[in-house]
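Participant: Each protein sequence line maps, in turn, to chains A and B.
Under my numbering, residues 1 to 179 are what the first sequence spells out, in order.
Under my numbering, residues 1 to 630 are what the second sequence spells out, in order.
Since the hints were derived computationally from the structure, they do not count as laboratory data.
The reader is advised that the hints may include incorrect statements.
[Stated by the list, open to error] Think about it this way: if two alpha-carbon atoms lie no more than 25 Å apart in a straight line, the pair counts; the simulated SDA-like pairs of lysine to any residue are: (1) Lys370(B) - Arg456(B); (2) Lys77(A) - Leu131(B); (3) Lys169(A) - Leu131(B); (4) Lys372(B) - Glu340(B); (5) Lys96(B) - Pro145(A).
Chain by chain, the residues:
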Amino acid sequence: MILSRRHFLTSMILAGFVLLGAGQSVSEEYQVKALFLFNFAQFVKWPSSDFSSANEPFRIGVLGENPFGTFLSETVKGESVEGHPLVVQHYDSPAAVKDCKILFVSDSEKEAIGQILAALKDRDVLTVGDTPDFLKEGGIIRFVPEGNKIHFRVGLDRANNLKFSISSKVLRLADPGKD
Amino acid sequence: MSMSFRDMPIRRKLMTVILLTSGAVLMLSCAGFCTYEMVALRKGMLKEYTTGAQIIAANSTASLAFRNEADAAEVLAAFKTDPRVVEACLYDQKGKVLARYPAGAPVSIFPTHPSESGYRQDHLEIFYPVLQGSRVLGTVFLQSDLSDLSERYYAYAWLAGAIIACSILLAYLLSRMLQKQISTPVLGLVETAKLISQEGDFSVRAEKSGEDEVGALTDAFNQVLARVEDQEQAIRKLNADLEERIVERTAELALTGRKLEENKNLLDSVLHNIKDGIVAVDEKGRYFVFNPAAEKIMGRTPEGILDNKRMEHFGLFRPDGVTPFPESEGVLSRALRGLETHDLEMFVRNPLHPDGLLIITSGRPLLDEKGKTMGGVGIFRDVTEQKRQENLKIYAKALENSNRELQDFIFVASHDLQEPLRKIQSYGNFLLDETKGSLSEAASVYLARIQTAAKRMSGLIEDLLQLTRVTTKAKPFELVNVSEIVGEVQADLELKLRETGGKIMIGELPELEADPTQMRQLFQNLISNALKYRKADVAPVVMVQGKADEGKGWCRVLVRDNGIGFDPKYSEKIFNIFQRLHANDEYEGTGIGLAICRKVVERHSGTITARGEVGKGAEFEIVLPIKQAK
């Protein structure tokens, strides 16, 4: 496609605006991440034995500072996974983490990420994080920003040894890069 | 094929029926089969692609959920294996196109938003929702062309055509063989029937081919033939008898007809030519015969005559010619009442006969075989002329009688008168001799007068006798030379001629058959008269000449003089007896001479006419036949 000069300029200005606003528009990036979290709930299958009852809530936990605001809660509101209503749970410390199936480890916790993941090592929790060495530390899925898009990488060594199974469809979408 | 089905030979009819039936069944079943196949094919195709879309949908859930366009495009690239899939795309939840197939296809070719699956004009469109659990993540869209379907369509059409063609060919061959089973016996029957109708031979029988309906028909046909043959023989015999009788009867009729015709012609001829009027009426008085003679007598045809005025219209009167004839007494009226009439006299007056006709009529009723009156016939004859002739005959007879009496009287009178007259003359002479010179002068004169009167009377009587003798003392006719006669007369009158200085000029004269004495008398009288009635101062000249016209059988003799002549008004009268134009003392005469002349000429069947003028002489013309009737 041949762009006209004006279009080109407009595109550049728009791109500069997006880059400029990247630091400030956190919530937009996290809106995508919130949707991803919701999608993981859909595409990862937990054994029913992992739920104490049929209508036990499916908890998505957020550890540390909440970057989603109310967006995540609104996204999952009224949704359910195999009869289990989706709820968002905030945790201030790793010790408080309890009974959640997916746990997003906020950037605020990046100093203590090693200990947190080690603590959750034996728990069947799908851990998701932003930090670059999240997978090396024992996390399962890491968001990878690429341009203005968000990708994710899956720590396959870890994922294969879990009680729950991540859908191959999700694995197919995962960023093939290595950490 | 211009021939209508109705007129086709049964063979063709059968084949047509079989071929049409099998063709129709085949067509219908092929059409049904093809339709079913096509519907099934379309359904199958829809299902097949729906399944394809379903697979893609299942594979693209994550791509949609994570909005991974590359992955979505990869999923869609699976359609590469099926060339019929022309284009495909994935819509996200909001209906926006996330991924496209083929990869570079412009967005504009895809429907702007998902809708229902189904067949469009020339392609198939499938929309399938991408579901994650019960959540709709987006929609798969694919479009397939229908080349497959149309290929199949053609294949089916070819197959159906081939099947139909083969089947019809087979049906044609089979029906060609099988129709003979039906048509051959029927055609056999037809042939037999044709043969019979052409040859008229009822002894022919149809051949039976089987025990089916045609066989039964053949049996029935043969039975009918047998019966017809019997009947035909009977009829032929009857016909022969009848013909014979017809011939006889025709001959009889012809004979009768000819006789009738002859009778009719005879009757017509009689009715047409007879002088008598013949009329006939039916019982209502209407004329059916009215012949030409009737028309001539009645002066009209019967048309337009009212029945009750039959008589009056013909102008019928009683014989007196004045009293109208009462209609009820008319011949036809009487005939219709059954009465006969014989020889009834009537008088007819009409425009054709203004003077009227006297008729005698007869009539009688016409009776049928039972004696009942069914009309009347009348016949009438014009007797006017007949009646006139009868009257004339009676009159002639009376005239003859009176003539004879008169002649007898004249003869007797003149004869008997002679005697006393002769005595008067004799004694007068004696007296004259005895008294010679002794008588007074007066007495002498008286005596002389007596003598003269007696002499005159004697001449009169002599002439009268001569007049009567023309008929009573007639001699038979003989050939007479008029020239000789006139010569003798001239000799007799020699003295008179010398006295008067007269002259007779005799010209050419004929010979004829006559009584010579009377001929002499005739010319003597005529020439004497010519000399007698001469002019006082002129010598008389008499010319006698005549000529015979052999061709007409007449001769004409003229006697002309140069005497005193006469007034032409007396040219008839002078031939009458005792008729005299002059006083006795002027010209002596008895007044009988010309009467005798006329009588002589009339006895010779001739005519005599006198022409003259006072002072210019007289001319007598005598015309006599050269030969007298025997």
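Participant: Each of the hints needs a verdict: does it hold here or not?
Facilitator: Structure-based check of all given hints:
{"no.": "1", "hint": "Lys370(B) - Arg456(B)", "in the structure": "violated (88 Å)"}
{"no.": "2", "hint": "Lys77(A) - Leu131(B)", "in the structure": "holds (19 Å)"}
{"no.": "3", "hint": "Lys169(A) - Leu131(B)", "in the structure": "holds (14 Å)"}
{"no.": "4", "hint": "Lys372(B) - Glu340(B)", "in the structure": "holds (14 Å)"}
{"no.": "5", "hint": "Lys96(B) - Pro145(A)", "in the structure": "holds (24 Å)"}
Of the numbered hints stated above, the single one contradicted by the structure is hint 1.
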